[in-house]
Amino acid sequence: AQSVTQLDSQVPVFEEAPVELRCNYSSSVSVYLFWYVQYPNQGLQLLLKYLSGSTLVKGINGFEAEFNKSQTSFHLRKPSVHISDTAEYFCAVSEREAAGNKLTFGGGTRVLVKP
Amino acid sequence: DGGITQSPKYLFRKEGQNVTLSCEQNLNHDAMYWYRQDPGQGLRLIYYSQIVNDFQKGDIAEGYSVSREKKESFPLTVTSAQKNPTAFYLCASRRKSVSYEQYFGPGTRLTVT
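Read top to bottom, the protein sequences are chains A and B. All letters in the first sequence, in the order written, are residues 207 to 321 by our numbering. All letters in the second sequence, in the order written, are residues 117 to 229 by our numbering.
The hints are simulated quantities; they were obtained by calculation from the structure and are not laboratory data. Treat the hints with caution; some may be incorrect.
Unchecked claim - Quick list of in silico lysine-lysine cross-link-like pairs, BS3-like style, CA-CA up to 30 Å: (1) B:LYS199 to A:LYS275; (2) B:LYS130 to B:LYS173; (3) A:LYS308 to B:LYS212; (4) A:LYS255 to B:LYS173; (5) B:LYS186 to A:LYS308; (6) B:LYS199 to A:LYS308; (7) A:LYS255 to B:LYS130; (8) B:LYS187 to A:LYS308; (9) A:LYS255 to B:LYS125; (10) B:LYS187 to A:LYS255; (11) A:LYS320 to B:LYS199; (12) B:LYS125 to B:LYS187; (13) B:LYS173 to B:LYS186; (14) B:LYS187 to B:LYS173; (15) B:LYS199 to B:LYS125; (16) B:LYS187 to B:LYS212; (17) B:LYS173 to B:LYS212; (18) A:LYS264 to B:LYS212; (19) A:LYS308 to B:LYS125.
Stated by the list, open to error - Covered by chain B, per the in silico footprint, the following chain A stretches (three or more residues, Cβ under 8 Å): (20) 226 to 236; (21) 250 to 256; (22) 274 to 283; (23) 288 to 296.
Backbone N, C-alpha and C define an ideal beta-carbon position, used for all residues, glycine too.
Kindly produce the complete structure, drawing on both the sequences and the hints.
Below, the structure written as structure tokens:
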């Protein structure tokens, strides 16, 4: 069975500083990888996804992530954060051949951007 | 605009009562999903449906039931058998054979006292 670990539950960061959110997954088969963002009391919005091809994936709002197959990681980065990036971020994985393309989520990383 | 609607935004119930959460989508998506979110635990899959009149249990289906009579609608019933129903519930949908990501509704926060 697949699993996802987000190594940091909370990440405080100053405005205009870079941020990296770590995500490691475990799966015995090939996977698709996703990062979602959730603002308070709202649903999830897709930031970016890795399906195949280039391991560096660019998403919305200046975020990017790098897929590392050997380390089974999919870390999310942003070179300069804004106050509006304060939110919770979820890494998710879906096994390629799984019925229903079910997503397994990590526990989330809460990012607090300080002025 | 196309999207996923969940109603109501906040729902309060007494212990022992069944309650049904609504999820409607006008995206023409084939698959629909229900997740439960608790603080610090991410999202956990309750049920999913890939076509009308068919659905499968997810990881935490006990105490929940669903139906899929129409492509656009996937209501979730939280029964009195669910031991700890207070949570944030999220509905999602996906267009099969086109994309792999799921699109989420705004969620319903259920409080049972």
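Q. Hint by hint, which ones does this structure get wrong, listed from lowest number up?
A. 1, 7, 11, 20, 22 and 23
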